[in-house]
Amino acid sequence: MSAELLAAPDKGGGLLDVLRRRELLRLIVRKELKVRYRNSVLGLLWSYVKPGVQFIVFYFALGVFLGLNKQPNFVIYMFSGIILVNFFSEAFSNATRSVVANGALVKKIFLPRELFPVASVWVAIVHFLPQFLILLFACFFFGWSPSIFQILGAIGAFVIVAMLSLGLGLLFAAANVMFRDSENIVDLMLMMATWLSPVLYAWYLVRDTLGETFYFFYQLNPMTIAVELFHFAFWAPTAAVRTAAEGARMPENLISLWLPVGLLISVVILAIGQTVFRRLEGRFAQEL
Amino acid sequence: MAAEAIIVENVSKRFNLRHTRSLKETVVWLFKGRRGDLSSTFMALDGVDVTVGVGESVALLGFNGSGKSTLLKLISGVMSTDTGSVRTRGKVAGLIEVGAGFHPDLTGRENVFLNGVLLGMTEKETEARFDEIVAFSEIGKFIDTEVKFYSSGMFLRLAFSVAVHTNPDVFLIDEILSVGDEPFQKKCLARIQELRESGCTLVVVSHDLDMVSRVCDRGVVLRQGKKVADGPIGEAVRLLRES
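Top to bottom, those sequences are chains A and B.
Position 256 of the first sequence, counting from 1, maps to 256 under the working numbering, and the rest follow consecutively.
Position 163 of the second sequence, counting from 1, maps to 163 under the working numbering, and the rest follow consecutively.
Keep in mind that the hints were calculated from the coordinates and are not lab data.
Don't take every hint at face value.
[To be verified] Computed far set for chain A versus chain B, every beta-carbon distance over 10 Å: (1) F65; (2) N86; (3) M192; (4) L200.
[Stated by the list, open to error] Lysine-lysine pairs mimicking DSS-like chemistry, simulated, CA-CA at most 25 Å apart: (5) K124(B) x K34(A); (6) K187(B) x K141(B); (7) K186(B) x K107(A); (8) K186(B) x K141(B); (9) K34(A) x K107(A); (10) K141(B) x K107(A); (11) K107(A) x K50(A); (12) K124(B) x K91(B); (13) K124(B) x K31(A); (14) K34(A) x K148(B); (15) K141(B) x K34(A); (16) K50(A) x K34(A); (17) K107(A) x K226(B); (18) K148(B) x K31(A); (19) K141(B) x K31(A); (20) K124(B) x K141(B); (21) K50(A) x K31(A); (22) K187(B) x K91(B).
Beta carbons: idealized from backbone N, C-alpha and C, even for Gly.
In isolation and in its complexed conformation, chain B is listed as follows:
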């Protein structure tokens, strides 16, 4: 039996929607005898169990607000669970959003190093893969230009390129395969297939059902924070299309 890469056990996450961020209003509210609600809550995830084996590629599917991205954030560790537990094995690289760590005032080169290290590589490893990263992104001579002058396509290509070269054990992808023009998208998909064949575990969140059918072999469908289906990707996609 293959080992598990990710175990999500009975995870719930409740969000506090706070209506104020100022101390004054909170103090006034306390003095008024706590009348009215300063915050309302919203259940983003409700008792979700998912186990992902090493080398599996799983799609998290569901409509907007179903809790997919929250689950991904819990797996990456950016957020912590209210109840239940999340455990992962090995290095987890999250593409929660491409280019999150990019700073517009730094050059492409500086950003590659900053992001490589942010995503868990050492500076040496980044150095060793630098040429590969630049070649993949097709940025070419613009690498020493400040990122704020990049077109949005160039920016995303470089950011994606850094992320897919970090060689993680578990790779989390949130709606990012809409990167760049069509040739580049093909290249991204090819690179992800490559990662998958090398034994990397993938968890993908996407609304592009055709794309996930090609990349993933298993689908988990979430609806209003609850898991409603877990099975082969074809069935999961069919279920979502029908509803």
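Next up, chain A with everything else stripped away, as it sits in the complex:
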């Protein structure tokens, strides 16, 4: 026992500490899932029902009434974007609330506080998977044959969204401890998220309407890049799109330029989030 060195108890290693306490992370994730679906008959099935209903509403409102169904396989185009934005929304908004919601623990027991935002993102991944399976199933139905680049692009998109939501989640979770306004700011941001990326419309409409300069900034949004990568991976290689007269119109240099840019921006945001979180972490226990 005395062989161990004296150490300051509050010396946290940030996100690395979370890796060291994977077991606890797993238990917290399991707890979150169990608590979320307590006393509910459908349980995890709700994570199919909600995007399903959302999808039907958009399909009729945009696809049928506004006539976007004329594009080949618009269903796949829309759904691949929606599930990515859903993943982002859930991860980001729950991570923002996670520290305040677990205030009792933060105040009483010493543990890496990053665990809570990380657990929120993990729970969001658990909810993303069934939606992703539906997408895959639909893709095969529409004659999906992706190239290796397209698969890599999809993985890249997932990594971008996971890092981005964790980074923003850490940032706003820490801010939320100080000012509860953060929750509302985040809700506002999420309200815009669906429309700031080409989920329900085509990317080139932005370029053609607002010009190259605006389009450049639009394209810097990591969510935009991720959604486009998902279109590239799931919508572009379906049969009807490949054989269509104009083919799949994708932004230029999506893989060679925008994928690395998206990864870089989300890494930077993650680093900022982690830094701010650690800076404010010492005050969590007394502010909550």
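For chain A, the structure is supplied; the task is to place chain B on it using the hints.
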């Protein structure tokens, strides 16, 4: 000379009592030229030095608001110091409050695992001690019932039981020996004595002076954030009773 388990050096802690938690009020305050105070400060601890050797059992005594619980929170790492340093050796388990990590919607069994791991055990260790924990808590067949249906006594017994089975090197206890009925309290005290004999370092915060006289051999008296006495428990208790 015995090694130190905890070294608290010249520690101060100031609390900001913020009067607002809304961004709007803060912005309004900034625009008005920062008139008035948004917050006031309060010195919870002021230059406290305490060194606890391995295997010692120390009571932190003092009236309400003297800074005892704050000191305990600083030692556990939940809060960080403003000035000075706190260093500890080995695994520190804090019973800052019993049952902090319990979730009412999980069953007793699930809570035991969650809390065991929260308090620093691995899942395997929790598994190995599970029967012992349940037996100690006397929860019996209710272990697979959701904790929200427990009586408050059952809840505290189970929470305490998990905490005392984590085998820490340093054990921090904040006013929790008022757990359950008298037979169970005796059992708790016996378990704490057992921990103490096995070489575990104890730091106890309590207002129950008779209890701490039995459990601890040293007392540190705090008054308004300052250490006013440090010595054998009998003297510390006498000092507090007289004042």
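Each hint, compared with the structure:
Here F65(A) stays apart from chain B, with its beta-carbon at least about 40 Å from theirs, past the 10 Å limit. No Cβ of chain B comes within 10 Å of the Cβ of N86(A); the nearest lies about 25 Å off, and the non-interface call holds. No Cβ of chain B comes within 10 Å of the Cβ of M192(A); the nearest lies about 19 Å off, and the non-interface call holds. Here L200(A) stays apart from chain B, with its beta-carbon at least about 32 Å from theirs, past the 10 Å limit.
Under the criterion of a C-alpha separation no larger than 25 Å, the hint pairing K124(B) with K34(A) is consistent with the structure, at around 21 Å. Between K187(B) and K141(B) the CA atoms are separated by roughly 20 Å; this keeps the pair inside 25 Å, and the hint holds. Proposed proximity of K186(B) and K107(A) is contradicted: the alpha carbons are some 29 Å apart, above 25 Å. At roughly 23 Å between alpha-carbon atoms, K186(B) and K141(B) fall within 25 Å of each other, so this suggested pair holds.
Our distance criterion of 25 Å between C-alpha atoms is met by K34(A) and K107(A), whose separation comes to about 23 Å. For the given pair, K141(B) sits about 32 Å from K107(A) by alpha-carbon distance, which is inconsistent with the 25 Å threshold. For the hint linking K107(A) to K50(A), the alpha-carbon distance of about 34 Å lies beyond 25 Å, and the restraint is violated. With a CA separation close to 17 Å, the supplied pair K124(B) and K91(B) stays within the 25 Å bound.
With a C-alpha separation of about 18 Å, the suggested pairing of K124(B) with K31(A) holds against the 25 Å cut-off. Between K34(A) and K148(B) the CA atoms are separated by roughly 15 Å; this keeps the pair inside 25 Å, and the hint holds. About 22 Å separates the Cα atoms of K141(B) and K34(A), which keeps this hinted pair within 25 Å; it holds. This hinted pair checks out: K50(A) and K34(A) have alpha carbons roughly 18 Å apart, not beyond 25 Å.
Simply put, K107(A) and K226(B) have alpha-carbon atoms about 23 Å apart, close enough for the 25 Å limit, and the pair holds. Taken as a hint, the K148(B) and K31(A) pair is honoured in the structure, with Cα atoms around 15 Å apart against an allowance of 25 Å. Between K141(B) and K31(A) the CA atoms are separated by roughly 22 Å; this keeps the pair inside 25 Å, and the hint holds. Among the hinted pairs, K124(B) with K141(B) is consistent with the structure: their alpha-carbon atoms are about 22 Å apart, no more than 25 Å.
Between the alpha carbons of K50(A) and K31(A) the distance comes to roughly 21 Å, so the proposed pair stays at or under 25 Å and holds. The suggested pairing of K187(B) with K91(B) holds, with an alpha-carbon distance near 24 Å, which does not exceed 25 Å.
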